[in-house]
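So you can see what is in the structure, the chains are spelled out below.
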Amino acid sequence: MTYDYHEPETVAEALDLMARHGEDAHLVAGATAFTLLWRQGLLRPGHVIGLRRIVGLGGITATDKELVIGATATHREIERSADVARHCPALTRTFASVATVRIRNQATLGGNLAHADPAQDPPPMLMALGAEVVAASAAGERTIALDDLFVDVFTTSLRSDEVLTAIRVPALAPGTHATYLKFLPQTADDYATVSVAATMRFTDDGEVADVRVALGACGPTPVRARSVEDALAGAVPDAARIADAAARVDADIAPFDDVRGSAGYKRDMARVWTERALLSLVEGRA
Amino acid sequence: MTLAKSTLPDILETPEWRVEGRDKVTGAARYAADITRPGMLHAAFVGSPFPHARVASVDVEAARKMPGVRAVLTGADVRPARFGRRLQDWPVLAWDRVRFIGDRVAAVAADTVEAAERAAAAIAVEYEELPAVFDPEAALAPDAPVLHPDAAEYTYLGGTRPPRSHANMQGHVVHEHGDVTAGFEAAAAVFEHEFVVPRVHQAYIEPRASLVWIEGDTVHVVTTNKAPFALRDQMAVTIGVPAAKIVVDTPHVGGDFGGKGLSLDEFALYFLARATGRPVRSVLRYADELQLSNTRHAARIRLRTAVDPNGRITAHQGRVVFDGGAYAAGKPVAGLLPGGPTLTLAGYRVPAARVEAVAVYTNTLPAGHARAPSQPQHTFAAESHLDLIAHAMQIDPVELRVRNAIRAGETDVEGNVWHDSQAQRVIATLLAASQWGGTVGLDHGRGVAFSARHVGRGKTSLTLTLAADGSLEVLTGVADQGGGAHTMIQRVVARELGVDVARVHVRRGDTGHANVDPGVGGSRVTPVAGNAAVDAARKLKARLGELVLTLDDAARTAAPLAVTGEGEQNEHVFGTYAYSVEVSVDRATGCFRVVDAVLVADVGTVINPVAVRGQLEGGFVFGLGQAVMEELRLDDGRVTTTNLGDYKIPTIADAPSLRLVLITDAPGPGPFGAKSAGELANPAVGAAIANAIDAAVGARVMSLPITAEKVRAELAKREGYAPTSPDGTADSTAGRR
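Chain order of the listed sequences is A and B. For any residue, its number in my numbering is found by taking its place in the first sequence, counting from 1, and adding 1. For any residue, its number in my numbering is found by taking its place in the second sequence, counting from 1, and adding 11.
If you are wondering where the hints come from, they were derived from the structure by calculation, not from laboratory data. Since we're looking at a predicted model, the values are computed, not measured. C-beta atoms are modelled at their ideal positions from N, C-alpha and C, and glycine is treated no differently. Hints may contain errors.
Said to hold, decoys possible - Not the full set, but computed from the structure, chain B residues with beta-carbon under 8 Å of chain A:
1. Ala-44
2. Arg-598
3. Ala-599
4. Thr-600
5. Val-639
6. Thr-718
7. Arg-723
Isolated chain A (complex conformation):
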C-alpha cells in the first residue's frame, strides 16, 4: 500500500516519468482528491508524480484578452487573486464556495479539473465563462475547451501522456453578468446537491445577446444547459420566459441518486436553481 513519490521540476521531467511508469503512475498536485481515493483503496498506483515543484505550472496572469491560471494555483490563491476578482467577481465567489479554507489552501485548479468530479464548483462556472485548458505532451501543446474536457465521472479527454498545465479564461464581453449558485440544503460544508453557473449579456433593447448556463452535480459530468440557452437567445428575458427556459434544463441533465438527493429531486432543483440564477442576472442588470 505504498508508492514511490516523484517530484519533477519541469514539465518535461514529469512527461518522462509518465512515459516510464505508464498506467502505474498517477499525477497529483495538492493531492486532496487523490488522498481520499487512495485511503479508500480506490487508487493503488506504484508511482505518484507530484507537480507542485514545477515552477512554471503555478501563478495567475491577466491580460486584456484573458486570464491564465496555472494548473498548480490553489483554490485559495485564485479566491484571493485581485486579477481574478477584476476579471469576474462570480469566479472569486465560486472558488470561495469550495469545501473549506484548509482544502482550498491545498487543492489546485488543475487537480480539480483533471479529477473530473461532477459535483465540483469551479467546472460549471468555468464552462459558463468559456474557459479552456492547455494540455502538454511530448508532441507539444493543445487546448481543450472545458465543454470537451469532461467525459464521465472521474474521466477526462486528457490523454495518458498529457499534463494539464494551465486554464485560460477569455475576457468577458463588456456588460456580461455572471453568477454561481450552489445549493447546499443540509450542511454548509458539502458538495452541491445541484449547482448552476450562468453568464448573460444584454442588447441595448434588453434582449439576451449572449447566454451560457452550466450545471454541476447533475450527471456524470458538469454540463452545459444548451436547451436553456437556446430558449433564451434573442429573447426578452421576462419572468415567464425565464421560467420556461429553466424548465428546459431537464433535457440537458442526467442526475443520479446519491446521499445528496434522488435523481428526481435534483431534476426539480436544477430547474429551480437555473431559474433563480437567470433571474438574478436579469435583476442584476439594473
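Given chain A's structure and the hints, the job is docking chain B onto it.
Here is chain B on its own, set in the frame of chain A:
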C-alpha cells in the same frame, strides 16, 4: 472539627478550568492510539464481503509466509471465544458463519500496519452464501433465516437471558400498566402514527484504538473503552483469564457520544499477543468505524394514543421495532434492547399504557448504544405525534403539553410515579423565553418539543488521600471521555472541604489501581461519582474531626490520610427540558434553516458551569445533525456512507443561535443537588424542527433525517404539484402554479 470556612467565592459559581484542559490544548494528552510498547506489532483483519454466509475455508498459508508477518489467526484458533457487553454472541473471529459485511474471519499481527494489511489481503476465504435478511420485520417472519442457531451456547453476563418468542429476536419487552382497553374505549379521540428513524453513528473524532500485551500471567489492555472495568469483566469471560489478571487502562478519550462502551479489537488482539508474545495494537480507520458496529438503532415506531375531549391522554400504546443488526453484543442492558426501550412518551402523565419493544437480528452491522439510547427515536415519534394530535384537536401545541406534562404524584408511560416534577415549570419558562404565540415571518414557523431523561443511577467508589504537602489526591476509575467528570470530582471535593480547587488533584487509575466503577454511561457520572466525591470529602472531614486536626495540621502530622468515598444513586428522578425552534422554509426547494432556538433545561445544581453549557449546546448540535443530515445508509447490508464526506455531521457553520435557560433551583439526587445533563438535550431536536416546519408551511415529515427533499415532497403533495418522478420521465413543469 476546626476546618476553616472558606473565604473564597462559592466554587460552583466560578467557571471551571478543566483538569485535563492544559494537556489537551498543548498536545501533551495521550490517547490510546498514541501509546506504544517496545516490540509492538500491528493488527489487520479480514472481513466478510457477504452479509450472510458459511465460512467454507480460510487459507492463510500465503499470508503466513509474507515478510514481517508474525501471526495469522482464524476462527479455528479462537473458537469458541465470543464477546459482548451482556450477551456474548459475537465471535472474536468467525469460525463457521459470518453475519454482516465486515464480520471478521481472520486477524494478522505484523511488524507494520502495511505488512499486516498486505497479509490480510493475501488470505483466501471461501464462502457459501446464505439467505440474508435486512429488514427487521422480515426477520420476524416465521420462515425467516435464523441468524443465530447456536444461541443456546452464548454466555449471558449477570443472570439469565430473558425469553424471546422468535429466534431472531435479540430482546423483547412489553410494559403494561393501567386499564388500556378502558382508556381507549372512553376516549374522545384516538390517534395513530408511525415514524421511522435511521441508523446514525456517534461520529466521535477519535476512532477506536487498542493495545494488548501479556506480561507474566497478566493481560494489559490500553483502550478507548469508556468502561474499563466492564471491559475487563467481559474479556475475562471471552478469553478465559481471571479478571484479576487483566488490567485495563483507558487514557484520554477523544469523544464518545455513547459509542465507546463496546470494544471490538481487544479480544482478537489478546489472541494475537498470546500467539506472538509481543504487544499488538490496532487503530480503526474511520471507514471501518462507519461500517463495523455500534450505531444507534434504526427504529420503526408506531404510537397510538387516546385522549379525552380536552386532549388529556387517557391511554397509550406503542410498538417499537429496533434493528439490532447482526449481534446484540453492543447492548449492555439486561433486556438486550437499547436503554429505555419503552419510554415512548417521556415526561407525560399516562394513566394506562401498553408498549412493546423488540430488537431484531438482521444481516447488517451491529447496533449498540449512542447518546441517550432509544430517546432520539422515541422523542422524535412522541413529540411529532403530540403535535399532530394538537393540530387535529385544534389545541395549541404548548397547551396540549401543559395539559399532559407530568406533575408530582402522577404516573408516567413506564408506570413510574414521579415524586417531583419540574415539567410544568420548564414549559412555562419556555413559553416566556420563546415568546410563544408571537408573530413570525412568512414561511417561518415555530415548533416545540418537550422531553425527559432520568438522572443516572448506580454506584461507585473512589479514594481521597491527603498528602504531606497538603495536597489532596482523588484516585478514580472513571474515564473522562470529554464530559468533564474529573473536573466535576475536583470541584465537588474542593467545595465540600472548603479548599481551593488547585489543591485537589484528580488522577485516573487503571483497573489494577482504582476502585471498581461501572464506567461512563447512563447519565450516571455526575450523580454517582459526584456523590462518591462528596462522601470522600465528608469522611476525610470526619477523620480530621476524630483527630482534632485541621487539614494543614493533619497533612504535617498524619499524612498520608486516605479515605474511600462511596456514591450511590438509585432514586427514580427525571430531568425535563423543552425546545422552541423557529425555522424558515424555502417552499420551492424544501430547504429550511433553524433561525432561532431556545432550550430550557432542568439540570439541578450546576457543578461545572462551562461544561453544562457545553453539554447542552453540544447536545443541541449533536441532535441537530441526527435530525437533519445524518443517516448511515445501507444497500443490501452494505454501508454506502463510508466516509465523513458522505456521512455528514454539522460543522460550526451549521450551528444556529441557541438561547439556553437553566433551571437550577430544583435539587436532584447528585452532589449538592445536581442532576444529569449530558444526554438531556439531544433527543428532542428532531421533533422540534419537524413541528416547526409543519407550522411554517404545512409539511409534516415522519422520518429522520428531515431533509429538504422530504419537505419538498410533502409540500408537493399539499400543493397538488407533481415533482419529477425519480426516473426523470415526468414533465417537470406539470401542474406548476
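How the hints compare with the structure:
The closest approach between the C-beta of B/Ala-44 and any C-beta of chain A is roughly 16 Å, which is over the 8 Å cut-off, so the hint fails. The criterion of a C-beta within 8 Å of any C-beta in chain A is not met by B/Arg-598, whose closest approach is roughly 10 Å, and the hint is violated. The closest approach between the C-beta of B/Ala-599 and any C-beta of chain A is roughly 5 Å, which is under the 8 Å cut-off, so the hint is satisfied. About 6 Å separates the beta-carbon of B/Thr-600 from the nearest beta-carbon of chain A, less than 8 Å, and the hint is met.
Contact between B/Val-639 and chain A, as hinted, is supported at the beta carbon level, the nearest pair being about 7 Å apart and thus within 8 Å. Restraint check, B/Thr-718 versus chain A: the minimum CB separation of about 7 Å is within 8 Å; hint holds. Annotation: interface hint on B/Arg-723 holds; nearest CB of chain A at approximately 7 Å, less than 8 Å.
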